[in-house]
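Each chain, letter by letter, is given below.
Number of protein chains: 2
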Amino acid sequence: MTTRTAAQRRELAAIEYNAFVRECPTHKLLSRISDKWVSLTLVALAGGPQRYSELTRTMPGISEKMLTQTVRSLERDGIIARTAHASVPVRVDYRLTPLGETLLPVMRQIKDWAERHIDEVEEARDYFDGATSDSA
Amino acid sequence: MTTRTAAQRRELAAIEYNAFVRECPTHKLLSRISDKWVSLTLVALAGGPQRYSELTRTMPGISEKMLTQTVRSLERDGIIARTAHASVPVRVDYRLTPLGETLLPVMRQIKDWAERHIDEVEEARDYFDGATSDSA
DNA sequence: CAGAATCCAAGGGGATACTG
DNA sequence: CAGTATCCCCTTGGATTCTG
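Line order of the protein sequences matches chains A and B.
Using our numbering, the first residue of the first sequence is number 6, and each one after it goes up by one.
Using our numbering, the first residue of the second sequence is number 6, and each one after it goes up by one.
These are calculated hints, taken from the structure and not from any lab test.
Keep in mind that a hint or two might mislead.
Which copy? The list can't say, so a pair holds if one copy fits it or any two copies do.
[Claimed, not checked] Derived SDA-like pairs (lysine to any residue); straight-line CA-CA distance at most 25 Å:
| # | residue 1 | residue 2 |
| --- | --- | --- |
| 1 | 41 | 81 |
| 2 | 41 | 94 |
| 3 | 70 | 29 |
| 4 | 41 | 20 |
| 5 | 33 | 90 |
| 6 | 41 | 111 |
| 7 | 33 | 48 |
| 8 | 70 | 14 |
| 9 | 33 | 128 |
| 10 | 70 | 133 |
| 11 | 41 | 103 |
| 12 | 33 | 97 |
| 13 | 116 | 62 |
Could you build all of it, start to finish, from the sequences and the hints given here?
Right, dumping it as structure tokens:
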């Protein structure tokens, strides 16, 4: 007898939904570009190719581990390309691929919205905070 | 004598950069909408207002804690609005604000890019994985 | 210079139980 | 119904060290 229908069904639905979310292209993209270092790397490379060490200087807050991890994953996704020059001190360049370039307009629209509406958000936030914790 | 210039300056730069990133509107927006539950809530409410319990059914994977946290933060940012009806069993509706609606085109562009290019990403990924770990 | 490997602390997020 | 509060796990990401 299936007594635990409520909990069971909820659990199943949750599992399915999570699977669906994982499969959802939009969510995949969002989780890619929303990554702090991913977006910053994209912006950094939008201005042209950069070397590994240049990137560490462009993004002073990034650790080597995170930089390596970030460029590797972006390379894997075909968003940036890696070029190793076999010189004496190895030299590696990273640049956006054509696919990566198509991402720039998207980033730009996000940037536009942010710059246009962030003030409204701040205001709403102040108002909300004032309204809830009114110390009067 | 300032001996530790290298490490010190790196550290300072990192701190400043992190502060800059935190202040950056684009990054603020990205971290908002990239949140798994935020984006899903936005999509859910794009189709019209929903009650608290409806949202839990629309997003079966979400916990009550996360739903509350998500709607509260979106309300604070002026992106969604909360309306409590003082009926016997309390009834609360959530809907997008005009500001929240302006976010939909942005979400749509993200969705478009994802649906148009996700295949290329998958291919690149397969190629990359095949090229690196070639079991020959 | 470019990167791999290890260690470890902080916090995001889920499950559960309780409340008005 | 619409939350709130607590516990706890497990991932994320930084610091450090080592290598080709």
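- Going through the earlier hints one by one, which of them does the structure break, listed in rising order? Violated hints (numbers, rising): 2, 5 and 12; every other hint is consistent with the structure.
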